[in-house]
Amino acid sequence: MIQNIPLSYFLVISTMMFFIGIYGFLTRRNLITMLMSVELILNSVNINFVAFNRYLYPQQLQGHFFMLIVIAVAAAEAAVAIAIIINIYRNFKSIDVENVDEMKY
Amino acid sequence: MNFSDILIMRHELMLTVLALVVLIIDLNLHNRDKHLIIPITLALFFIHTVVGFMPSQPGILFGGMYRTNALLLMMKNILNVGVLIILLQSVTWLKKEENREKISEYFILLFTTLIGMNFMISSGDFLMFYLGLELATIPIAALAAYTHHQTKSAEAGIKLILSSALSSGILLFGISLIYGATGSIYFDSVMQHYANTPMQVLAFIFFFTGMAFKLSLVPFHLWTADVYEGAPINVTSYLSVISKGAAAFILIILMFTVFNTIAPIYNHMLYLIAVLTMTIGNLFALRQKNMKRFLAFSSIAQAGFILLGILGGNTMGMTSVIYFVLVYIFSNLGAFGVVSAISTVTGKETMDDYDGLYSTNPKLSLLMMLSLFSLAGIPPVAGFFGKFFLFASAASAGYYWLVFIAVLNATISLYYYLLVVKAMFINKNEKPLAYFKSDLATRTGLVLSGLGIFVLGFWSQIYEIINSLSFGILH
Amino acid sequence: MNILNFFIIIPLLTVGGILLTKDLKQSRLVSAIGMGAQLILAFVLVYLYLSERSAGNTEPMLFMFDVVWFPSLNIHYAIGVDGISVAMIALTGLVVFAGIFASWKMEYLPREFFISLIILATGVFGFFISIDLFTMFLFYELAVIPMYILIGIWGSGPKEYSAMKLTLMLMAGSALLLVGLLGIYFFSAPDGNPLTFNIMEISKVVIPIEIQRFLFPFTFIGFGILGALFPFHTWSPDGHASAPTAVSMLHAGVLMKLGGYGAFRVAIFLMPEAAHEQAWIFLILTSISVVYGAFSAIVQKDLKYINAYSSVSHCGLVLFAVLMMNQTAMNGAIIQMISHGLMTALFFALIGMIYGRTHTRMINEMGGLMKVIPFLGVVYVIAGLASLGLPGFSGFVAEMTIFVGAFQHVDVFHRVITIIAASSIVITAVYILRVVGILLLGPIKNDHFLHLDDAKWYERISTITLVLAITAIGTAPWWLSNMINYSLAPIVERLSAIQITGLF
Amino acid sequence: MADYTYTILIPLIPLFVFLFLGLLGHKMKPFVTGLIGSTGLGISAILSYATAYRYFIGAHVAGTGYTSIKGFEVVWLHLTEKLTIHLGVLLDPISVMMLVVVTTVSWMVHIYSIGYMKGDPGFYRFFSFLSLFSFSMLGLVLATNIFQMYIFWELVGVSSFLLIGYYYEKPSAVAASKKAFIVTRFADLGFLIGILMLSFNTGTFDFQTLTDPHGPAIASAGGAAFMGMSVLTWSLIFIFVGGAGKSAMFPFHIWLPDAMEGPTPVSALIHAATMVVAGVYLVARLFPVYALGAPDALMVVAWVGGFSSILAAVIACTQTDIKRVLAFSTMSQIGYMMLALGVSGYGGEEGLGFMASNFHLFTHAMFKALLFLGAGAVIHAVHSNEISGMGNLRKHLPITHITFLIACLTIAGIPPFSAFFSKDEILVAAFHSNKLLFAIEYIVAGLTAFYMFRLYYGIFWGKNTHYHHTPHEAPKVMTIPLMVLAFGSVFAGFIPFHNLVTSDGKGFESHIDWMIAGPSVLIGVLGIVIATVMYKKENALPNKVAGTFKHLYKWAHHKFYWDEVYLFVTRKIIFRYISEPIAWFDRHVVDGTMNGIAGIIQYAAYAIKGLQSGRLQQYAFVFVSGAVVLVLIFIYLV
Amino acid sequence: MVNEVMFFLIGTMILIFSVLTVTTRRILRAAVYLLFVLISTAGLYFMLNYNFLAAVQLTVYAGGIVVLIIFSILLTSHLSERAVMAPLKQSLLSALATLAGATLTLMTILRFSFIPNAGTDPQFNITDVGNSLVSYNRDGYALPFEVISVLLLAAMIGAIVVAKKERKIKD
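Protein chains in written order, with the working numbering: chain A, 1 to 105; chain B, 106 to 580; chain E, 581 to 1084; chain D, 1085 to 1722; chain H, 1723 to 1893.
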């Protein structure tokens, strides 16, 4: 609990970060930077969990642990994603998302 | 909690053991004997499936994080049967030389996703739910990119993993808000505190988009067709059938329990999305020539029908959704099985290749026709019953116009299903695909799905069992 | 074992039998035996029915058989027949039997052909014996789908287009129908009893009028599409034109009757108040069907199109009469269904046989065929005369019953519209005689036609069966009429009783 | 009361003959089939004579009126609680009289046909059709109720169709048969509507109930009115439309001349003696209803009859085909009968017209059949219908010549031949009712004599025509019927119709009114004289006369262009302006809409193709926007 | 006061670096900015007194995932390479969607009256955290902890399957 800092500040930060991450996901053309945007999104969620836990429901550590699991999942996700990206790089000789549109319509 | 209690988790435990056993066997096998994994795994999984049907106690473990009861068991068994059929159908494909070194990985990844789905279905809180969801998604992305030398496969993988990362991010944001609003991640407490406030609706919408992604509901469906097309065909059928089925199961459970209080709002939303999903799915399916892509869009449209059951909002709705998913699994596996068999042997995947198929491969054609009729909801095959009950449950809640739109959509869907029937039976072809015979296991898989398509409809017992179980959950 | 179950079992056994056969000869033999047995069974049923009635059995439905199917939804496999369904079953038996013989020379994929045909027949039989809406709907759809395959594979001309159009339009019809049926189901038990699909049960309750207003158009149009209700009839000309002979026979002869039968048994019987309220709209549509179909038939050049439009006209008359909602008109409607079923089946059989010889269906390419194929020519003339309502044939009985019945309506509008509908008998005469004149009479236009063979024995069986049935009804209509009347009485009683309490 | 059940055999015997010949005739020798047909009809005829004898004399109690008797009746079809279609036999003066007429003429025609149709490939078919017709006509005559009448009405129509189109390889015959059927069918629609209205009003089809002066029909005369006339009047007018169609009254007369495409015996039987008078019979059958319930309808009958008779007479003067002349003459004579009915009242002396009409019907049947059969003999001899191809045949065909002359004198109303008496009664009736109609009939009488003798001279006198092979007299089998009918034509006038066939069944005194009969005979003689002058020897006079009345002649020769009007209505209006547009509408608008819906769906499927662009970021964009839109809608808008 | 300053500082950093992460044209820099964001977030956790979380954030997230990302960047792109930016239309539309989303979300969230914590503010030390992690009772996390291991195993196998080269094809 931080003196004089209301919960809403955290929420503003996390929400903005969340949408910045989404913006990045929508506009970055490099697959890895898109993945980074996803990390931003997950990070913002983590902030939410932690802040809620700390401010509102400090008796249990539910948000706390949720955040831990999310980090682990993020790691797993990143691992697989990067493996696939490398595979893409092998196949397409590029990791520009715009090139990955062989299948459409 | 003691040892016997932990046995009610037997689906998950056995699968985990199974995955590990496969891994260990694989490590100890010489390279040229790798194909032995296939029969061993099939046998093991068959045992697992059978054991799954043995009666079990309902119960709650881990302080409410894991729960099980007869209905959930039923759902898992349904998934097991589906996976068994997929495994059988994929044997011919697995035996191909190019996959020889990756057989065990295929099984392990498939099993881990199944573990994830089981946990997801059995979850008693959002944490386990989320974990299960991710466990059910991430390995599939790897499976989608399974075939290295095909760019399409890699593309499918990246599209799946990134889209799912985004969607699960949004879903997580929703969960975090739910947590913030209710102070718990456990379903039972959330349910008590869930109120109809804007923020909780917002949280629900974010949560729902994540589920909509898994179910391929419009407008969260766009990944579907590309991934289905690019992924190896058996993975596609897994995605379209098992993954979607599991998502539908958990979604309807959550909708009917945790989020029940905001039903008046989500019903409107479901109405809109159902109409969009059916219509758009159908419109896209109309022009497809690639069979996998075709089935992808058809499965999108089918997902729209599932929403009708959820809209019913009662036991009948729940029963009809589960029953429909069951029927859908068999029907879609029938169709995918045929596409898979043909694609594996001949490499042909477009509708034009199917011209005149009946003259050379009548049995495959018949199975395909029955499966498509079942998907379209034509009697006497099971799809008719599945659709009818879904429509009935929507009608029970008074959504007559929605039912009307849905049946019209079913009519449109019949159009494109008939295109395939036409190709196989009516179109003339100088050189139809030559006659071929798939592996015994594959054929068994095809026969099983064909049997299911026939038996499920007439055998009302199945519906009644589901109904009694659903009744227990909701009352 | 209930006799009615055999109407499902025999076709299924026949299908099984055909699966075991190898070639055309065997499969057609199996089909003929199976459907012959079915025909005999149908007559046995008529006999049993009449003897039950004369023994004083006054139940509305006889030979009831009821098995719970989906207990939680109270869906039953419930079957039973009254005089109306018995008559329809006999009709179906006749047409299917004739249809098998009309396709005696089906060289291409014969087994598949007969299997599809018999599945179609199963659907129709099942529909007529059902008294549970769910099974009824199931059989209805079961009957529609084989059409696609039958037309698509064995058809001619733009067969794929026609088959698709037919299937889709009928399915769109069943979309409407399904909404109606579900609505009926959910309002089938206003007083807290379990919901039911059973027609007889539902008929005992009154569905709220505002619900009926909504559901009736769905149900009626749903069935009406199959019954070629204007403007939803356009599947019919194309479909019939492309279909192979036996399929046209079955389709026009029997399948279209599902529409009329359903409109009457479900839409009007279960929702009489709304029927009374909205009848005028559909009466206008049906009388348009009657006149419009006849006029369209005048200028057609393809034999099958002529007959298809004529079917539109005649089937319009069925719905027209049903909507009049009095005993005589409804009786006429049912006789008309049977009569038209037989006549049009006969027509299509003949057209198929003529086409098989001349390889054209364009009337202006033919002429003077009476000289070379007198048997077929005479039968064609008989069919034509029956179709234009000549006494002595079934068409006259049906039409006159309809017109007299419809004209008994107290409302002037109904009587005026009856006169309009009645005017179709002249137009019918025009197009029938036009065809007969061009096709059969006059000089032979094409020398190739000089050496045509007349009907073979199997073709004779097919046509004579139908001709006999047509004349039997035409000369001795009383037994049929009485059989139908007996079963109509309770239905009409309900209609008229509710009319008073409901509207006034 | 005497038992008349056996009368059912009278129509049934021809029916059996029809079925027998129709199904098995092609396996028999032609002559045998002819023999079977004639024998069957002979039995029917004898039964009819017996019945007539029993009815009028044998079983009749002198001094009482003739009542109608139902010899036989079964229920055929229950329609409503009240309305039931029966099939049966109704005997009353007119039906018994018609029995005699129909069986006699039919029998004669059967016998005649054995000779006339000799060598025709469809011999058995011809006889089976003839039997079918006889059955239908007898059923019509004996009908106990109006619906039975309608049933047989349709059947005679179809028999007529079959027989007109007997030479089905001849396009003109096919066209004529079609025309006959459709025109009468159209009129039958009026009949049907009339029946529907009548039965709706009265709740019965039965003739005995309908014609009962105290029955529901006549009681309903004062009922609801439409356009100034009671519903009863309307229904009777509609019924008369049916009668007019069958009897070739204006404006439905156009089928009759064309119907002459059929074999000549057919023309004699159907289109002269029996079927065409069905309309007269119909009105006579319902006469009490007309007379007591709807005098307005009866006026319509009178005027249509009168107009038709003069129209036909004028046209007949200009025709050159001998059968067509006879056809128009038939039309004209039927007009007479209609007129007689129209001017008649009900009961006793008032019913003079009714009696006269039936009387004339009877005599007409004899002489007109005779005329046709005679014409047949001529055609048989010269193989042509055209008057221009004949002449001077009296030497070659002596019997035909004599019988034909008798018939011509009869129709011209020269005493003591039968038609003199019947025509005289008609004129008397008309005189007492309506002077204008009376005047018309006078003129018609003159015209009739003129054109008949024009015909007579044209065939048997006139120019010496060269024939390819010498015409010779018909065989005995043909001439005997001629002589029988000639006998009938001469002596039928002495039958006391005023005692037998009257509107209310009770006889009345009738005598020849020479004040009217005298001038009518004179005008007949005048017509004959003019014809003699013009046509006995070939001269230029006819052309000159025709030149003088150029326009009238031309119009009359073209039958006042009524055929063209009909062609216009059928070809142009029905085909071009109704059917084709409807067919077009159906294909392009109705079906087009259905195809259009499919097209729109297809188009939409292509139009939204871009949504699935294959670009991951677009997918994500749609995803996010979808979520945002859902939030917007379901939180802020709903 | 210090707290507030610290908070605003960290908050600003988080947002600025977030924005930079998604806008910079250089990929490697983006990774570095992401690292800063993650580190700053760890700072927030410290301020919230969740030291264990902060540590995990630093080690796993900042240390593990970002390093993974940087490696893959090095594998797949040249350092000198400048990222291609999205077309203007796409950027604008995306910005619009995200702005709208952010506005709506913030409006909704901030209007919600969270139930403030009325109870005590218990302090958890690392032992409590550890105990919870292996507890199988309510608010124990043994099960997710186990399942995550399955997930990680699966991810590992998956990554191997995807990334490993095939001999057949390459040969």
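These are computed hints drawn from the structure, not numbers from a lab.
Heads up, a few of these hints could be off.
Straight-line Cα separation of at most 20 Å, DMTMM-like style, residue types lysine to aspartate or glutamate; simulated pairs [unchecked claim]:
#1 Lys257/B - Glu454/B
#2 Lys104/A - Glu454/B
#3 Lys394/B - Asp96/A
#4 Lys1254/D - Glu790/E
#5 Lys951/E - Glu1433/D
Cβ pair distances, simulated, as ranges [as the list claims (entries may be wrong)]:
#6 Thr1123/D - Val958/E: 38 to 48 Å
#7 Arg1040/E - Met1311/D: 21 to 31 Å
#8 Leu1107/D - Asn773/E: 38 to 48 Å
#9 Pro640/E - Lys536/B: 56 to 66 Å
Here are some chain D residues pointing at chain E (derived, C-beta under 10 Å) [unchecked claim]:
#10 Thr1164
#11 Tyr1430
#12 Glu1433
#13 Phe1669
We treat Cβ as the ideally placed atom computed from N, Cα and C, and that holds for glycine.
Hints and how they fare:
About 14 Å separates the Cα atoms of Lys257/B and Glu454/B, which keeps this hinted pair within 20 Å; it holds. Between Lys104/A and Glu454/B the CA atoms are separated by roughly 16 Å; this keeps the pair inside 20 Å, and the hint holds. Of the supplied pair hints, the one linking Lys394/B and Asp96/A is violated, its CA atoms being roughly 28 Å apart against a limit of 20 Å. At most 20 Å may separate the alpha-carbon atoms for a hinted pair to count; Lys1254/D and Glu790/E exceed this at roughly 63 Å.
Between Lys951/E and Glu1433/D the alpha-carbon distance is near 57 Å, which puts this suggested pair outside the 20 Å criterion. Take Thr1123/D and Val958/E: their Cβ atoms lie about 25 Å apart, and the range 38 to 48 Å is violated. One distance hint, 21 to 31 Å for the beta-carbon pair Arg1040/E and Met1311/D, is violated here, with the actual separation near 55 Å. A hinted range of 38 to 48 Å is violated for the C-beta pair Leu1107/D and Asn773/E, which are about 60 Å apart.
The hinted window of 56 to 66 Å between Pro640/E and Lys536/B holds, with their beta carbons roughly 60 Å apart. Look at Thr1164/D: its Cβ gets to within about 5 Å of chain E, closer than 10 Å, so that hint holds up. Contact between Tyr1430/D and chain E, as hinted, is not supported at the beta carbon level, the nearest pair being about 28 Å apart and thus beyond 10 Å. For Glu1433/D, the suggested interface contact is broken, since its CB lies about 39 Å from the closest CB of chain E, more than 10 Å.
Taken as an interface hint, Phe1669/D checks out: its beta carbon lies about 8 Å from the nearest beta carbon of chain E, inside 10 Å.
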